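Spelled out from the first residue to the last, the chains are:
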Amino acid sequence: MRNFVSRMAGELPPSGIRKFFDLLLTMDNVISLGVGEPDFDTPWNISQAAISSIEKGMTMYTSNRGLAELRELLSADLDQRYHTKYCPETEMVITTGVSEGLDIAIRAVVDPGDEVLVVDPCFVSYQAEVLMAGGRPKTLPCSAQDGFKVTPDVLMESITPKSKVLLLNFPTNPTGGVMGKDDLQAIADIIIDHDLLVISDEVYAELTYDGHHVSTAAIDGLWERTITLNGFSKAYAMTGWRLGYLCAPKEITNAALKIHQYVMMSAPTASQFAGIEALKNGEDAKNEMIAEYRIRRNLFVKGLNDVGLPCHLPKGAFYAFPSVEGTGLSDEEFAERLLREQHVAVVPGSAFGKNGRGHVRTCYAVDRAKLSEAVRRIGVFVESLHS
Amino acid sequence: MDEKDTVILRELQKNGRIAAGDIAVMLEVDENEVENRIAALQAGGILRRCTAVIDYGAAGVDEVAVILSLKITPERGLGYDGIAAQIARFPQVESILLLTGTYDLQVIIRGQSMAEVSRFVAEQIASIEGVRETMTQIVMRTYKEQGVEMLRPGSRDRQLITF
Ligand SMILES: Cc1ncc(COP(=O)(O)O)c(C=O)c1O
Chain A
146 MRNFVSRMAG
156 ELPPSGIRKF
166 FDLLLTMDNV
176 ISLGVGEPDF
186 DTPWNISQAA
196 ISSIEKGMTM
206 YTSNRGLAEL
216 RELLSADLDQ
226 RYHTKYCPET
236 EMVITTGVSE
246 GLDIAIRAVV
256 DPGDEVLVVD
266 PCFVSYQAEV
276 LMAGGRPKTL
286 PCSAQDGFKV
296 TPDVLMESIT
306 PKSKVLLLNF
316 PTNPTGGVMG
326 KDDLQAIADI
336 IIDHDLLVIS
346 DEVYAELTYD
356 GHHVSTAAID
366 GLWERTITLN
376 GFSKAYAMTG
386 WRLGYLCAPK
396 EITNAALKIH
406 QYVMMSAPTA
416 SQFAGIEALK
426 NGEDAKNEMI
436 AEYRIRRNLF
446 VKGLNDVGLP
456 CHLPKGAFYA
466 FPSVEGTGLS
476 DEEFAERLLR
486 EQHVAVVPGS
496 AFGKNGRGHV
506 RTCYAVDRAK
516 LSEAVRRIGV
526 FVESLHS
Chain B
6 MDEKDTVILR
16 ELQKNGRIAA
26 GDIAVMLEVD
36 ENEVENRIAA
46 LQAGGILRRC
56 TAVIDYGAAG
66 VDEVAVILSL
76 KITPERGLGY
86 DGIAAQIARF
96 PQVESILLLT
106 GTYDLQVIIR
116 GQSMAEVSRF
126 VAEQIASIEG
136 VRETMTQIVM
146 RTYKEQGVEM
156 LRPGSRDRQL
166 ITF
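Going down the list, the protein sequences come from chains A and B. For the first sequence, the positions run 146 to 532 when our numbering is used. For the second sequence, the positions run 6 to 168 when our numbering is used.
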């Protein structure tokens, strides 16, 4: 029998943490800092809105773009929060999570052989998404010294004549890095000079703890060349609802919409009703969760530093990215031994790219008691390495 | 009272045993400031007590609670306050609320047995001058108390690793 697997699927790099999953399954009493999602329940009024939409029989497809009311609310919300203006009728598509938004954004603009610049370390899906679209991922190394930002120098060095798209994600998974207005301004001219398109994944925008999130499209000259992606997963604790959105100038939105229409038809209907409720009446619950993440960040990062894992204070998202270099172990050895010996799960930084080496990603969207127990266990582990 | 005090109160309400040092890290201030603020909140009568929410059922301890609704004839010059203060002195009384509607006061009473609580209501409360009518309801189960949902397990299963 021939090998039916496509070359593309066959060649996709496997997940960097496969062996972790296998190991995890054999263990109990594990405290996991290895997740990338809120530990809160979706606020009940939001869940209730979806339930009642089902009770009313609203269980059909919506329009391909998504419910008009949801797009209108989102458009107003983006304008108010980030000063980006998108027309709900022509410049927005409701997607099945940011995950789908990423896929259709990349496929809408990348031709085979086009180079897509991705920050390193970055969210694991990016390189694979680019490969699936036939593009070539090119990494943009970021470092702790720069706060894991994209600096003009690094950007200049990474651009080649084939570069077409710059994929940004701030606040960043896995580093918690943030780009402020000045930081974005500093790279805007380069983006424009080299005629790049930016795909800006802002799913963690609202989880910005110091100062306000700056949306890439809000920078002068960048709106025209930016696809903004965002969603409900993180800020509203709605990972399982699969609800996101894509915003871009009309031509690009239309291209993405075509793909969306063929692969997805429309985002889940009940989830869209939940999204409407989230935007109308979810602000307080959201702010409470964000305040709690901030508190956990402060406690957790101090805890990591106290037990001997140097860690920058991440300014956004809910990840801390401490260095484990001082332990003498590689990030993979560190993660594996920490799991075996102390039953704490963290993700090796190299799963997110070469520049993630020597770090581990830890998610502090975990309840405080567990978080402090995790710090205690990490402390015991680090201590054991010295003796 | 400012924003920091509000956070301190909220944290203490969630967990009366939280360390001042932890609150200091959360607020990004030093520990002394937190201690001073807590002392000031106590001195000002704002922070009355840090207490615990206990699920006695889970501990296998039998305990009864009743909600007692009272109609009161208000006293001249004192309104409801005099009678409420009289009732408040009994240690069996957990809370007293003044309400609009059919009944004036709602009193929550806890005791070891139904017999004990009944006796207490009949002998100590019903007999107070100015109490015109009582209605006693037995609490069958507590689902949520002081913001804590009693039936829900502490945490749900989720994946141990995701990206
Ligand atoms: C940077 C980043 N983008 C996108 C996603 C996926 O989000 P969604 O749940 O909206 O598909 C994640 C999830 O972890 C993420 O970290």
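It should be emphasised that the hints constitute simulated quantities derived from the structure, not laboratory data. Don't take every hint at face value.
Stated by the list, open to error - Facing chain B, from chain A, some residues (calculated, C-beta under 10 Å): (1) Pro158; (2) Ser177; (3) Pro319; (4) Gln487; (5) Cys508.
These numbers were taken from a predicted model, which means no experiment stands behind them. Glycine is no exception: its CB is placed at the ideal position from the N, C-alpha and C atoms.
Taking the hints in turn, this is what the structure says about them:
no. : hint   : verdict
1   : Pro158 : violated, 13 Å
2   : Ser177 : holds, 4 Å
3   : Pro319 : holds, 8 Å
4   : Gln487 : violated, 14 Å
5   : Cys508 : holds, 9 Å
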